[in-house]
Structure formats: C-alpha cells, structure tokens
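For the record, the sequence lines run as chains A and B.
Taken in order, the first sequence gives residues 1 to 350; the numbers are from the numbering used here.
Taken in order, the second sequence gives residues 351 to 700; the numbers are from the numbering used here.
Hints may be right or wrong, so weigh each one.
[To be verified] Below, in silico cross-link-like pairs of lysine to aspartate or glutamate (DMTMM-like), each with a Cα-Cα straight-line distance of 25 Å or less:
{"#": "1", "chain 1": "A", "residue 1": "K164", "chain 2": "A", "residue 2": "E124"}
{"#": "2", "chain 1": "B", "residue 1": "K356", "chain 2": "A", "residue 2": "D98"}
{"#": "3", "chain 1": "B", "residue 1": "K362", "chain 2": "A", "residue 2": "E341"}
{"#": "4", "chain 1": "A", "residue 1": "K12", "chain 2": "A", "residue 2": "E341"}
[Said to hold, decoys possible] Okay, the calculated beta carbon distance ranges per label pair:
{"#": "5", "chain 1": "A", "residue 1": "T2", "chain 2": "B", "residue 2": "K514", "range": "30 to 40 Å"}
{"#": "6", "chain 1": "A", "residue 1": "P247", "chain 2": "B", "residue 2": "D559", "range": "44 to 54 Å"}
{"#": "7", "chain 1": "A", "residue 1": "P247", "chain 2": "B", "residue 2": "V511", "range": "18 to 28 Å"}
{"#": "8", "chain 1": "B", "residue 1": "G693", "chain 2": "A", "residue 2": "E102", "range": "18 to 28 Å"}
{"#": "9", "chain 1": "A", "residue 1": "R167", "chain 2": "B", "residue 2": "D641", "range": "32 to 42 Å"}
{"#": "10", "chain 1": "B", "residue 1": "R410", "chain 2": "A", "residue 2": "E116", "range": "28 to 38 Å"}
{"#": "11", "chain 1": "A", "residue 1": "S57", "chain 2": "B", "residue 2": "E456", "range": "36 to 46 Å"}
{"#": "12", "chain 1": "A", "residue 1": "S281", "chain 2": "B", "residue 2": "S686", "range": "34 to 44 Å"}
{"#": "13", "chain 1": "B", "residue 1": "S637", "chain 2": "A", "residue 2": "L27", "range": "27 to 37 Å"}
{"#": "14", "chain 1": "A", "residue 1": "Y350", "chain 2": "B", "residue 2": "D618", "range": "29 to 39 Å"}
{"#": "15", "chain 1": "B", "residue 1": "K514", "chain 2": "A", "residue 2": "K6", "range": "50 to 60 Å"}
These are calculated hints, taken from the structure and not from any lab test.
For each residue, glycine too, the CB sits at the ideal point set by N, CA and C.
Number of protein chains: 2
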Amino acid sequence: MTLVLKNLRGGKIERPTMLLDRRRALLNLERMARRAREGGVVLRPHFKTHQSADVGSWFRDYGVTSITVSSFSMARYFASHGWKDVTVAFPVNPRERDALVELAGEIDLGLLLDAEPVARGLDEALSHPVRAWIKIDAGYGRAGIRWDRAEEAVSLARAIVNGKRLRFQGLLTHSGHSYRERGREGVERVHRESVSPTCSVAGDFEGVDEIRPGNFVFHDLMQVRIGSCTEEDIAVALVAPVVGSYPDRRALVLYAGAVHLSKEALDDGSRPCFGVLAHASPGGLGSARWDAPLVSLSQEHGVVVAKGEALDGIRPGDLVAVYPVHACLACDLHGSYRTFEGGTLTKLRY
Amino acid sequence: MTLVLKNLRGGKIERPTMLLDRRRALLNLERMARRAREGGVVLRPHFKTHQSADVGSWFRDYGVTSITVSSFSMARYFASHGWKDVTVAFPVNPRERDALVELAGEIDLGLLLDAEPVARGLDEALSHPVRAWIKIDAGYGRAGIRWDRAEEAVSLARAIVNGKRLRFQGLLTHSGHSYRERGREGVERVHRESVSPTCSVAGDFEGVDEIRPGNFVFHDLMQVRIGSCTEEDIAVALVAPVVGSYPDRRALVLYAGAVHLSKEALDDGSRPCFGVLAHASPGGLGSARWDAPLVSLSQEHGVVVAKGEALDGIRPGDLVAVYPVHACLACDLHGSYRTFEGGTLTKLRY
Numbered sequence: 001m002t003l004v005l006k007n008l009r010g011g012k013i014e015r016p017t018m019l020l021d022r023r024r025a026l027l028n029l030e031r032m033a034r035r036a037r038e039g040g041v042v043l044r045p046h047f048k049t050h051q052s053a054d055v056g057s058w059f060r061d062y063g064v065t066s067i068t069v070s071s072f073s074m075a076r077y078f079a080s081h082g083w084k085d086v087t088v089a090f091p092v093n094p095r096e097r098d099a100l101v102e103l104a105g106e107i108d109l110g111l112l113l114d115a116e117p118v119a120r121g122l123d124e125a126l127s128h129p130v131r132a133w134i135k136i137d138a139g140y141g142r143a144g145i146r147w148d149r150a151e152e153a154v155s156l157a158r159a160i161v162n163g164k165r166l167r168f169q170g171l172l173t174h175s176g177h178s179y180r181e182r183g184r185e186g187v188e189r190v191h192r193e194s195v196s197p198t199c200s201v202a203g204d205f206e207g208v209d210e211i212r213p214g215n216f217v218f219h220d221l222m223q224v225r226i227g228s229c230t231e232e233d234i235a236v237a238l239v240a241p242v243v244g245s246y247p248d249r250r251a252l253v254l255y256a257g258a259v260h261l262s263k264e265a266l267d268d269g270s271r272p273c274f275g276v277l278a279h280a281s282p283g284g285l286g287s288a289r290w291d292a293p294l295v296s297l298s299q300e301h302g303v304v305v306a307k308g309e310a311l312d313g314i315r316p317g318d319l320v321a322v323y324p325v326h327a328c329l330a331c332d333l334h335g336s337y338r339t340f341e342g343g344t345l346t347k348l349r350y
Numbered sequence: 351m352t353l354v355l356k357n358l359r360g361g362k363i364e365r366p367t368m369l370l371d372r373r374r375a376l377l378n379l380e381r382m383a384r385r386a387r388e389g390g391v392v393l394r395p396h397f398k399t400h401q402s403a404d405v406g407s408w409f410r411d412y413g414v415t416s417i418t419v420s421s422f423s424m425a426r427y428f429a430s431h432g433w434k435d436v437t438v439a440f441p442v443n444p445r446e447r448d449a450l451v452e453l454a455g456e457i458d459l460g461l462l463l464d465a466e467p468v469a470r471g472l473d474e475a476l477s478h479p480v481r482a483w484i485k486i487d488a489g490y491g492r493a494g495i496r497w498d499r500a501e502e503a504v505s506l507a508r509a510i511v512n513g514k515r516l517r518f519q520g521l522l523t524h525s526g527h528s529y530r531e532r533g534r535e536g537v538e539r540v541h542r543e544s545v546s547p548t549c550s551v552a553g554d555f556e557g558v559d560e561i562r563p564g565n566f567v568f569h570d571l572m573q574v575r576i577g578s579c580t581e582e583d584i585a586v587a588l589v590a591p592v593v594g595s596y597p598d599r600r601a602l603v604l605y606a607g608a609v610h611l612s613k614e615a616l617d618d619g620s621r622p623c624f625g626v627l628a629h630a631s632p633g634g635l636g637s638a639r640w641d642a643p644l645v646s647l648s649q650e651h652g653v654v655v656a657k658g659e660a661l662d663g664i665r666p667g668d669l670v671a672v673y674p675v676h677a678c679l680a681c682d683l684h685g686s687y688r689t690f691e692g693g694t695l696t697k698l699r700y
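Please work from the sequences and hints to get the whole structure.
Given below as structure tokens:
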C-alpha cells in the first residue's frame, strides 16, 4: 500500500475520477442484507448514494427487488433500468405531477405525502394506483407532520384512504438528526427514540417494516466519525492528479476541488477537513491517512497539509486517492465510476 | 415584486433550475469593462463562473478577446466555441500534457507554472509556443512559489526563458485571502498588499497588466457579504419548487438541495446560511430576503425558516427563487441557464 496510485488497470487517468472498490461495496451490501434478514425487515435500499444502474444491479443478487430514491428523476432513471418497485422518499412535487401520473402507469410507485391539498390534487390526477406514505417528522425538523400532531396525520390518512388511487401504506420517518451524533451510543439512542433505521448500528427493528439505508454501500468519513462504520468499509475515493508540491509547508495542491468532492466538511475544531488521503494498491483501497487531510477546497483545487512526513516524495503528475467526507454528494458530482478492475460504471447525470 | 414566481416566460419549470437575469449580468459586465478601460489594464475575464459559451459571447460586445479558465476541460470547451486566447489559471497538470500539446497547436494558450520539472517536461513535449506565467503565492497559501522566495522564481524563469516553446510572460497571483475579508476596506488592503485584482472595489491598478475577475458577472451573497457588490447586482438565482409548507414553525421545504446549490455557507454565528429567498418579477430579480434564509440543506431538500411573516401564503407547487452563497459552485451543478426572456443558455457539463 502506498499513497501514490500506480498500475491501476484500465485507461490512463487524466482528470479527477471517482474510483469504486467493488469488493468493499459488495461486503457492505452483504452485511446489510444479512442484518435485514436477521431483523425480519424488508431491505429497500436508497439508491440516491450511487445513482448507478450498474451498481444497482449488484443488489439483485442479494434478493433486493424494491428500492428508494430521493427525486422523481431518479425514479424514472431506475424504472428505465428495470426496477419495478420504487419509493420516492421526497415530498411529492406538484410541478412534476404529469410525469408522475405517467410513471405510475408503468411501475409500482410509492410516494410521501404530508399535506392534504397535495394528496387530493394527486389523487384526482392519477389513473393508476400508487402507494402513499405519510411522512412523519420524528425530530429532524425537515419535511413531515410533527410526531406529536396525531390529528393532522389522521386527517391526511383519511383523505388518502378515501381517495380513488392512493393506497395508504403507513408512516415513514427519516432520523436525519442521527448525523449530529458522535458514536454508536448516540446513534442507537436516536434509533430507539424514533424507531427508525440508522441501520448500520441498530440491532433491533421491532415496530419497523422496512429499512431504507443508502450510504452504507459506499460509506465515507462522516459515517466513520459518527461510528456507523470503520475506514476499512469506505468503498469510494476520488482519484486526483497532484499539480503542486510544497515540501517546505508540507503541502500538496491537488486537481480536486469543490466541484469534485463537494464542500461538505468535518469540523475538527481548528480547521475544516474536506477529505483525507487514502492508501490504495492495484487491488483496492486501504487505510485513511488522517495525518494528510484536505484543509481547503476551491472550485478546482484542493490543498493537503500533512502533519508529518506523509507527503514526502509525492510530485506533480502523481495520482493520489481521497476519501470523501460525504459519499452521496461527492458521487453526485461525477458522471461515472471507475473500478479497480479497469471498468467504467454508468450513473445518472442531469 | 413577490416571493412567488409567476408568469415566467418559456416552458413550465418542474425541477430546480438556474435562472439568469441577463440585464443585471450585462450591467455587471459593462461596469467591469469600464473599470478596466479607465485603469488601463486588459480585461481577461475568468469564465469558470458561468462556463457558458452563450454567456461568453456577450463579452465580445465589450471588446473582450482573451479569457481565463480554471481547467483544461474549460479551455477546450471555449476553444471549440471560437475563443483563440485562453489562459488556464490552474497549475499545469502533467497528466493532461498530450491534450495540452494538441490544443497549443490550435489556439494561443497561456499556462501557469511553479515547478521546474513540470516546466522542462512540458517544454520538451510542446511543438508550438505557449505563454508561461510563474504562479506566485501572494499570501493565500494555495499554489505558487512563495512571494519571498525570489531565487526559486528566478531559477524557474531561467528554465522557461531557455526553453524552446515556453514564452515567459511574467508573474501571476490570486489574492484568494480577500475572501476572508468583510467590507471594502479589508478588500482594498489585500489589493494594495498583493497588487492583485479584487477588481470590484479596487480603484488603482498600478503595476498590473491584466485583471482576471470572474464572479462579478453573476455576483452572489458572499460578494455582498465581503462588500464587493450589493444584492441588486446578483444576476443568478435558483428557481425551486416548494414541496412542503409548515406555518407553525415558519418553514418551507424546497426542492433545492446541496446538489443544486452546493454546501457553501455564510456563517452567521448561530446557524449557517445556504442562500436566501429572492424577490422576482417576470422582468427580473429583485431584493434579497435576509429574513428568509435556507438554514439547512440535504442532498435534494432545502429548509427555509423565516424570521417573520415572509412565508405566509406560500404553498407546495409554488416556485420561489434563491440567491446562492457562491455562484461559481452553484452554477457548476447545472447543465444550462434559463433566462427571464424564456430562453435556455448552454453551458459546459462534464
């Protein structure tokens, strides 16, 4: 294992490229599939993290037939790649209603609702049934009816049940506030309080029908930080050309900026961390070098400043790998993935 | 002027869309062209902000014939749209050398160098002349030879001058540390110390040959914050469908997330600000509603929490406009611009 990537299979890498360690992703997938099986819940993975028909196809081998997405565009993309049971875990956008009505005629579509007028308008427009979930805000404060407003939820449920096409499924939550926790104990507490996934650490799915984990297939530094994985589980890294080397200040400038990694940062008190260098061999990704963090990001540049000798001997023209802080946002910025086997995996691009 | 966008010309807007106020952009452009003319410096605008051949064409009417970009991909894109004099204000990436050598045979290319081995390798590979600038770090601490290391710069200059194809042009700086300032006085001080652009406020270009401002054509909330423009100068806003309305907590959920705006934030002490709602009429953009900021961003969701009654009456299905914190990063996330005239402007998409 070395910090400079050598002998990667496939064509020469010239630009920032998202590299996917298939072996690690499959291990992550296998672990989650087992967890769901043992917990007696349906695994309906969230595909917003990878947004890739190729990566999606790996899930079929683990018996996955139903998926989650976070936009109607993703729903259409995966429907066009043969997925027939898709929940859009995002409030219904009335402006996309015509396209939604059309897709409901082609696949089994699940939708989130938290407002009666939207539910009624949609029901009138539909000519095929769709599954309808009531989105409950379990404490995160984003979308949904607040958990303590039972009357509002009951009234919406009644409107759904009385609709022609909407089929009431139940309540749906997302405990986004688990991201504010640091460590397994905090994540487990959020899980117990909201009886909602946080699936990588939870051991008890009582009261839960299905889980919709997404990030787990790739993981990232934020997941390491909150305690839901270790760095050996991270399955994607940005391959970045080195374009500047400054040994006197123990710094590298990488061709790796906010447009390749996103500006999601870990807050390490003194300065933000936008990623850390990763070891890699021709066979796959290795350990994270927390002593070589990206301390600043411009549009196209990233600056690594090492705490010790980590960068010694690295020169312009070398390739290094960077573990992202937030895999979902970093992957969204790329049109495809490169694998260690030398292949290219396609993904959705707007 | 209202917070809900109505009667926009052109096709129906269903998804998050970058809206461009052409009138404002042209005013920004005219102001900068005059500033350069009066200061006796060449205006070589940075096209990384808009990355659009259509927007780029407006600059020709102001006599602009030379441009700046921040990646080799952008250089190729604009070369393919007729720009013949392009400086890549990013350290030479040795891994793109073959493509660079080819482009140097087609247009007048300017490059940044800060390391002798890269300069020598490039010079050997080139078959046509290119303009070479030595990148100097004027205090920002990103790329470049430190301003106080004259010997290193002289040695590199000698290598360039002795090369076959490299044509030594001089020194080039970027005072990125001006972004850390708040207010005109601070920006003017950085300008004086580094004799480098910060072009929207500087009144004296002595010792400067050309300026490479970029963001000025669109401006954004960060530029308002540092004092280089007012909110009446901001020429882009994200049009976002409202998908949730929560009057009890004075909140909206927008279809506008980190993948549409980027996670660039203004730090307002108590909580981050990822954008603010903007007034708009069918004729153009209006004032910024600082009392209606986006206080959190997920991948696809943005949450607005108002300080007063700003959101009263806004419902799912309405369209609102959001001024971005950082126009360069927000625009990079979109494949085109929509104008108030109802047209679509193309841009580079990787």
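For each hint, the structure was consulted:
Distance check on the hinted pair: K164/A and E124/A sit about 8 Å apart at the alpha-carbon level, within 25 Å; holds. Annotation: proposed proximity of K356/B to D98/A holds, straight-line Cα distance about 19 Å (limit 25 Å). Between the alpha carbons of K362/B and E341/A the distance comes to roughly 44 Å, so the proposed pair goes past 25 Å and is violated. Between K12/A and E341/A, the direct Cα distance comes to roughly 13 Å. Compliance with the 25 Å bound is thereby established for this hinted pair.
Restraint check, T2/A to K514/B: a C-beta distance of roughly 35 Å satisfies the suggested window 30 to 40 Å. Between P247/A and D559/B the beta carbon distance is about 31 Å. The supplied range of 44 to 54 Å is therefore violated. Hint check: P247/A to V511/B, Cβ distance near 25 Å, so the stated range 18 to 28 Å holds. Here the CB-CB span from G693/B to E102/A is close to 27 Å, well matched to the stated 18 to 28 Å.
Separation of R167/A from D641/B is about 41 Å and conforms to the stated range, judged on CB atoms against 32 to 42 Å. The beta-carbon spacing between R410/B and E116/A, approximately 53 Å, falls outside the hinted interval of 28 to 38 Å. Separated by about 41 Å at the C-beta atoms, S57/A and E456/B satisfy the suggested range of 36 to 46 Å. In this structure the supplied range 34 to 44 Å holds for S281/A paired with S686/B, their Cβ-Cβ distance being about 41 Å.
At about 53 Å, the CB distance of S637/B to L27/A disagrees with the hint of 27 to 37 Å. Between Y350/A and D618/B the C-beta distance comes to about 30 Å, which sits within the given range of 29 to 39 Å. Between K514/B and K6/A the CB atoms are about 31 Å apart, so this pair departs from the stated range of 50 to 60 Å.
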